[in-house]
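**Student:** These protein sequence lines are chains B and X, in that order. Counting along the first sequence from 1, when you hit position 18 you're at 18 in the working numbering, and nothing is skipped either side. Going from the second sequence to the working numbering is simple: count from 1 and add 323.
Treat the hints as calculated values from the structure; they're not laboratory data. Values in this document were obtained by computation on a predicted structure and should not be read as measured data. Each residue gets a CB set at the ideal place from its N, CA and C atoms; glycine is no exception. Do not take every clue at face value.
What the hints assert, rightly or not - Below, computed lysine-lysine pairings styled on PhoX-like, alpha-carbon distance capped at 20 angstroms:
1) B/K186 x B/K321
2) X/K465 x B/K219
3) B/K146 x B/K112
4) X/K819 x B/K138
5) B/K112 x B/K298
6) B/K34 x X/K617
7) X/K617 x X/K571
8) X/K819 x X/K617
9) B/K113 x B/K317
Stated by the list, open to error - Pair by pair, the computed Cβ-Cβ distance ranges are:
10) B/E318 x X/I814: 41 to 51 angstroms
11) B/P35 x X/S846: 38 to 48 angstroms
12) B/K153 x X/L847: 37 to 47 angstroms
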Amino acid sequence: MKKRFSILTVVSILVMAFAVFGFTMTAAAEYPDKPVRLTVPYNPGGATDFQARIVTMRAQIHLSQPIVIINKPGAGGMVGWNWIVTSAKKNGYDLFSYNLPHFIAQSIAFPKKARYNIRNFEPIGNWGNDPAILVVAKDSPFNSAKDLIEFAKKNPGKVTCSGAGLYVGHHIALLQLNKSCGVNVKYIPYTGGVPALLGVINGEVKCGFNNTSDAFRSKDRLKLLAIADLSRDSFVPDVPTFKEEGYDIDDTSCNMRGIGAPQGTPPEILKKLADSFMKMCNDKKIQGKMKSTGSGMKVIGRDELKKVWQKKEAFLKEALKGL
Amino acid sequence: MFDGLIGVVSHLGNLFTLYNMTILVLGVIGGIILGALPGVSPTLAVALLVPFTFYMEPASGLILLGSVYTSSVAGGAISAILINVPGAPANIATLLDGYPMARSGRAEEALYTCFISSFIGGLFGMVIMILLTLPLAEFALKFRSTEIFWVAILGLTVVAGLGTGNMIKALISGAFGIWLSTIGSNPITGEFRFVFHDILMGGINIIPALIGLFAIPQAFSLAESYGAQRTAFKIQREKGLFGKTFIKVIKMFRVQTVGSIVGSIVGIIPGVGGQVSGIVAYDQVKKISKHPDKFGTGIPDGVAAAESANNAMVGPSLIPLLTLSVPGSPTAAVLLGGLLIHGIFPGPDLFRLHPAIVHTFIGSLVMAQIGMFFFGTIIARYSNWVVRVPDIYMSVSIIILATFGTYCVSNNFQDVIVMFGIGLIMYLGDKFGFSALPVVMGVILGVIAENNFLKAYLIAGAGDGFFAQFFTGGINVIVILLSLFSVAYGIYSGMKGKKAQPQRSDIIVSVITFVVGISLLCSLDVEDPLSSIFPDATLLVMVFLSGLLFIMTIMAIKKKKVSTRGAEGRLAFSRTRVMITMVLAVVYLSLLDISGFYFTSALFFFAFASIIALDKQYFFDHIRSRVVTSVCFVAVLYVIFNVVLKVQTPTGFLF
Chain B
1 MKKRFSILTV VSILVMAFAV FGFTMTAAAE YPDKPVRLTV PYNPGGATDF QARIVTMRAQ
61 IHLSQPIVII NKPGAGGMVG WNWIVTSAKK NGYDLFSYNL PHFIAQSIAF PKKARYNIRN
121 FEPIGNWGND PAILVVAKDS PFNSAKDLIE FAKKNPGKVT CSGAGLYVGH HIALLQLNKS
181 CGVNVKYIPY TGGVPALLGV INGEVKCGFN NTSDAFRSKD RLKLLAIADL SRDSFVPDVP
241 TFKEEGYDID DTSCNMRGIG APQGTPPEIL KKLADSFMKM CNDKKIQGKM KSTGSGMKVI
301 GRDELKKVWQ KKEAFLKEAL KGL
Chain X
324 MFDGLIGVVS HLGNLFTLYN MTILVLGVIG GIILGALPGV SPTLAVALLV PFTFYMEPAS
384 GLILLGSVYT SSVAGGAISA ILINVPGAPA NIATLLDGYP MARSGRAEEA LYTCFISSFI
444 GGLFGMVIMI LLTLPLAEFA LKFRSTEIFW VAILGLTVVA GLGTGNMIKA LISGAFGIWL
504 STIGSNPITG EFRFVFHDIL MGGINIIPAL IGLFAIPQAF SLAESYGAQR TAFKIQREKG
564 LFGKTFIKVI KMFRVQTVGS IVGSIVGIIP GVGGQVSGIV AYDQVKKISK HPDKFGTGIP
624 DGVAAAESAN NAMVGPSLIP LLTLSVPGSP TAAVLLGGLL IHGIFPGPDL FRLHPAIVHT
684 FIGSLVMAQI GMFFFGTIIA RYSNWVVRVP DIYMSVSIII LATFGTYCVS NNFQDVIVMF
744 GIGLIMYLGD KFGFSALPVV MGVILGVIAE NNFLKAYLIA GAGDGFFAQF FTGGINVIVI
804 LLSLFSVAYG IYSGMKGKKA QPQRSDIIVS VITFVVGISL LCSLDVEDPL SSIFPDATLL
864 VMVFLSGLLF IMTIMAIKKK KVSTRGAEGR LAFSRTRVMI TMVLAVVYLS LLDISGFYFT
924 SALFFFAFAS IIALDKQYFF DHIRSRVVTS VCFVAVLYVI FNVVLKVQTP TGFLF
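Next comes chain B alone, as it looks inside the complex (with noise of 0.2 angstroms):
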């Protein structure tokens, strides 16, 4: 007995000798010569999670390293992003994904409580977008956009509207809406997209703004009248833009999503970083994963994608003001 005790015990001080060594032996060498973080500011499952892990599943061969997922949910996506700012390593080990144009809101709107905005951060690429989709129910009296918009006109303030949240591109293309047609339909942040959806189903709200994967998805049990962006989408080719049934709204409100680094993190990283992102997003089988999942793809590289994050700023600024 005691002699099993003592081998047992000679094990185990090897063991975290072992360990204590070979934790404290990581040698400088060429980026990235470890796993790389992502840190998804959302709940594992959601659509930005999984898409998150599609585009990323062959980092281990256009990166030599795999991208691990971390997920960081709160506060829509505030707890996540702050924490990129206050705390993530500035080394190109900790990356994190965004979502336009839900995170510059965010920023906006909250400016104690956000640490954040897109002056500390460096955008890296972008990989999807998921342009907001207006719907109905199917056995509600309207069938465009249009007549919904006339109702609207006619009955201030009783027009509801659903979206997945406050500040999500949703709530953002019912803004436009609203401003251009000269309308007041009231806005109803639900807790996510699909519950929104469950409200525009089930007869709760009126209308409801949603991504069109996700209204695609429930397409039986709805109708689809107008799509805000500035073309078409491809897995719902049948529905007209509003700029085609003439409303004067763009694409400010498609949910795009892609990845950043905190600032401070090496410039010559962040192009090696760019430059492997772009390849992932080329990469055949992951363009195949994110064309059957139903995630419409948009890449943009990383000096292209700063533009984008300024513009939208700037517009975003001027249509919080009044709120």
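Given the coordinates of chain B, work out where chain X should sit on it, guided by the hints.
**Tutor:** Relative to the frame of chain B, chain X by itself:
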């Protein structure tokens, strides 16, 4: 109606390949173990495994997710029964009778009861799901914001009967729980409330709250009672125990029926279902029982009710997802991701376009019930190993497990601090006759009630007005009547039953809760009146109840009907040990980030186990066995969290 059944049976062949069966068995065993870890809820277990299915065939991937979902729900009961910490919200009702059974040497019987009932409830839920898919999907669609609000209120009415006797204290605890749920940003109004420190900005997540409320008081009470003579019982495996338990459980016909039916119905309600089906069923079974006062003392009926209900929930909770592409629960939302990754769009066309895959998936859920039953009973056989673990080791293991479980929910160290904070408050509350269950119910249901109330309120303003929105519609009226009945019954049974005698300490307690309530009321600073409706109402109720408790205690003192034991008795314990535990825990927390989770945990385990006995002889006697135990324990944690679940914990400068 029977198309579904035929479909499942005709595709069973897909399931019985060697590869798929291996996946199923691994999924079931893994699911039970993951589910048993506090903090690793079914939602998290499935979410962490979704990436593994990337590289599998669609059917195999879904078999893995389905079997993990099914078995992790039942697995959560293991920790509820053996260590008094529920694995997930679904299992909170299980510990009410499960842990007392384990403490009196009947752990194995409790686990048999649990897995047999889980099996019965689970199969019942599957049958409901397969036979009644379409009508139930339509039923699920009927729940709008007001209906869900009233269901949450109905759930809250259960709170009154959940305390350890004193109804007012139970209600105060419930109000405290609801208040906890209002911390952070409100998704409807966008305003931040009660954010006294940045770590509260994301609000109090349910899982860290659940772990803190149960695990920390449990760990502390095990530590403080070190050396106290445990109720002597012989842990000897009884022959034929499984058979006897099996017959006993089958004979609980009424319990099983009520549990399964309540579980299935509650399971379908979007957003509320999974977390409260167990506790609602437990409450119902208790109400119709011939001996309601025996519930909570360790009777198999309580375990059976809770577990048959929460497993009956599994099947129906998937119906809205599969038929309407609308996930009704957080776990279903994660499964949606798992389906989409394989290019499978749930919805009405699902059964037509992918019959093989869907039916194989449903078949795997049914098979997983059988697997869960089989492996669960095997695990139950070895449950006495856990019961035999010395209290010191158990106490420190619970603190470490709570830390890891909380961390992996959202990879946030701040959650761990919040968890400990809530745990310490609950430990103190526990000493003064408050119990954790009403608090948890408040945390879970408060947020559902508030968000749905606010949505419905906004919608009512644009449409039919407040009254029409909230008080008309068949389901609304039924649920309101049920709530009223539940309140009336609660008051009736409170008057009839044994009244807990007020204790002298209640004067101080009521003053404290009164002052806390008032100061929280004053500290609330929001612009939108909508943001303050719920917290104001909750805190006012808390203040009112505190006043009531104060007056009743004063009156009782005048009549000299004060209990001489009670809190005073409960307060007799080794304060030194509690202080040491607290200091060690604080040191542990502050070192975690600096010297890494695993290293610090091993060190903490060793230090805690060495010091808490307060015995010089003990300290020098068994050093080697403590070193070995702490290293082995942390090695197991490393394998589970780092290797299997790929959770990246802070490494600090060590690991």
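**Student:** Taken at face value, is the distance from the CA of B/K317 to the CA of B/K113 at most 20 angstroms?
**Tutor:** holds (17 angstroms)
**Student:** Straight-line Cα separation of B/K186 and B/K321 no greater than 20 angstroms?
**Tutor:** holds (17 angstroms)
**Student:** Is it true that B/P35 and X/S846 lie within 38 to 48 angstroms of each other by Cβ?
**Tutor:** holds (43 angstroms)
**Student:** Holds or violated: are the alpha carbons of X/K617 and X/K571 at most 20 angstroms from each other?
**Tutor:** holds (17 angstroms)
**Student:** Is the straight-line distance between the alpha-carbon of B/K112 and that of B/K298 20 angstroms or less?
**Tutor:** Roughly 32 angstroms between the alpha carbons, so the hint for B/K112 and B/K298 is violated.
**Student:** Holds or violated: X/K819 and B/K138, Cα atoms, limit 20 angstroms.
**Tutor:** violated (53 angstroms)
**Student:** Does B/K219 lie within 20 angstroms of X/K465 when you go C-alpha to C-alpha?
**Tutor:** holds (19 angstroms)
**Student:** For a C-alpha distance cap of 20 angstroms, please report whether B/K34 and X/K617 respect it.
**Tutor:** violated (57 angstroms)
**Student:** Check the following: the C-beta atoms of B/K153 and X/L847 are separated by a distance inside 37 to 47 angstroms.
**Tutor:** holds (39 angstroms)
**Student:** Does B/K112 lie within 20 angstroms of B/K146 when you go C-alpha to C-alpha?
**Tutor:** violated (40 angstroms)
**Student:** Between the alpha carbons of X/K819 and X/K617, is the straight-line distance 20 angstroms or under?
**Tutor:** At roughly 15 angstroms apart (the allowed maximum being 20 angstroms), X/K617 and X/K819 satisfy the hint.
**Student:** Taking the CB of B/E318 and the CB of X/I814, does the distance hold inside 41 to 51 angstroms?
**Tutor:** violated (57 angstroms)
Hints 3, 4, 5, 6, 10 from the list above are not met by this structure, while the remaining hints are.
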